[in-house]
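Engineer: Residue numbers (the working numbering), protein chains in the order written: chain A, 345 to 561; chain B, 46 to 138.
Keep in mind that the hints were calculated from the coordinates and are not lab data. Quick caveat: nothing in here was measured; it's all calculated off a predicted structure. Treat the hints with caution; some may be incorrect.
[Said to hold, decoys possible] Calculated lysine-lysine pairs in the BS3-like style (CA-CA distance at most 30 angstroms, straight line):
1) B:Lys53 with B:Lys74
2) A:Lys481 with B:Lys74
3) A:Lys424 with A:Lys387
4) A:Lys446 with B:Lys53
5) A:Lys446 with B:Lys74
6) A:Lys446 with A:Lys424
[What the hints assert, rightly or not] Listed next, with one range per pair, are the computed distances between beta-carbon atoms:
7) A:Met380 with B:Ala97: 47 to 55 angstroms
8) A:Gly501 with B:Met60: 43 to 51 angstroms
9) A:Asp420 with B:Ser58: 44 to 52 angstroms
[Stated by the list, open to error] A few chain B residues that face chain A, going by a derived Cβ cut-off under 10 angstroms, partial list only:
10) Ala92
11) Gln95
12) Asp122
13) Glu127
14) Phe129
Glycine is no exception: its CB is placed at the ideal position from the N, C-alpha and C atoms.
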Amino acid sequence: MPHDHHDHDHLSPSGHPFRADNDAPLSYWQTMEIAMRELLIDKGITTASEVAHQINAMDSRSPADGASVVARAWTDPDFKARLLADASAASLAMGFDIGPLKLIAVENTPQVHNVIVCTLCSCYPRNLLGLPPDWYKTRAYRSRVVREPRRVLAEFGLNLSDTTTVRVHDSTADMRYIVLPARPDGTQGMDATQLATLVTRDSMIGTSLPISPSQPT
Amino acid sequence: MDNQLTQKVRVRSSMPPGHIRTPAYLRGKTGTIERVLGPFPNPEALAYRQAAIALPLYRVRFTMAEVWGAQAEHPDDTLDAEIFAHWLEPLDT
């Protein structure tokens, strides 16, 4: 039974361990962030509500935004051409406020599978897809996917044939990347809104494929 | 390297200190220009709040065989990275 723990002294009434309070002293960088923010507010360069608004704006971005871009590309060949030529301009044209994001879309085909990483830090198209998953920022993913991408993808449940070329894209400088996955089979009758529900976050990073309408979810 | 599009390039193999956005695992490796980007301010100066000259940025494509040698998982798979012009040397082919 999930709640049948032996040491009940450290468990909440729900049967789960209590989470420790964050009573530890601030780290150097937490202190620096607070000091910098307070100075910027004191000097009238920004305001606390502007900071809160920006956090809110970032939290409101999600993979659903990227999914609607992908679904549009699947249903509108002109848009797909514009997306592959300039993904920032195409995303802006759909009304997404991506700020200064410089985006490149890389297309999966029957011959090519693309996967995105940032080996130097954690670059990610946050202004379109929201915050990256924790695993994307781990040393394990960042170091392994450039060295043994097929093995990493297999751990995500994606087994590619030897005839498919894997292209790993390391976001080392100013550009960010989104994978344009291939449209799944069996989706002929679906419109862009329905198609967008098949596009997962990981399929836009390249660690999985979109949901197939025939596969159980 | 100047602003010209050169097909085959080698990444410089030096290891200077500082904020370098040329990954160490690609230094000394040979690849081909996939596309030209930029110019973008040189991050090596930008990181220290120095005047940063805008430099051409290139997407360079390497084969896994070139990057990892005999250890490559699949030699024909590729690795693309953005490398600033001053890290690239044109190769005569």
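Engineer: All hints are to be evaluated individually against the structure, with a verdict given for each.
Structural biologist: Now the hints, each set against the structure:
A hinted pair counts as satisfied when its Cα atoms are at most 30 angstroms apart, and B:Lys53 with B:Lys74 qualifies at roughly 11 angstroms. Between the alpha carbons of A:Lys481 and B:Lys74 the distance comes to roughly 25 angstroms, so the proposed pair stays at or under 30 angstroms and holds. Proximity of A:Lys424 to A:Lys387 is assessed by CA-CA distance (about 46 angstroms); at most 30 angstroms being required, the pair is judged violated. Restraint check for A:Lys446 and B:Lys53: satisfied, since their Cα atoms lie roughly 25 angstroms apart, inside the 30 angstroms limit.
Simply put, A:Lys446 and B:Lys74 have alpha-carbon atoms about 26 angstroms apart, close enough for the 30 angstroms limit, and the pair holds. Between the alpha carbons of A:Lys446 and A:Lys424 the distance comes to roughly 17 angstroms, so the proposed pair stays at or under 30 angstroms and holds. Evaluation of the 47 to 55 angstroms hint for A:Met380 and B:Ala97 yields a failure: the beta carbon distance comes to about 21 angstroms. Take A:Gly501 and B:Met60: their Cβ atoms lie about 38 angstroms apart, and the range 43 to 51 angstroms is violated.
Checking the proposed 44 to 52 angstroms range against A:Asp420 and B:Ser58 shows it holds: the Cβ atoms sit about 45 angstroms from each other. For B:Ala92, the interface hint is violated, since its Cβ never comes within 10 angstroms of a Cβ in chain A; the closest pair sits about 12 angstroms apart. Evaluation of the B:Gln95 hint against chain A yields a violated restraint, the C-beta minimum of about 17 angstroms exceeding 10 angstroms. Taking 10 angstroms as the C-beta contact cut-off toward chain A, the hint placing B:Asp122 at the interface holds, the least distance being around 4 angstroms.
Interface hint at B:Glu127: satisfied, since its Cβ lies 4 angstroms from the closest Cβ of chain A, which is below the 10 angstroms cut-off. A cut of 10 angstroms between beta carbons decides the hint on B:Phe129: the least distance to chain A is about 7 angstroms, and the hint holds.
In the structure shown, a violation is registered for the earlier hints numbered 3, 7, 8, 10 and 11, in ascending order.
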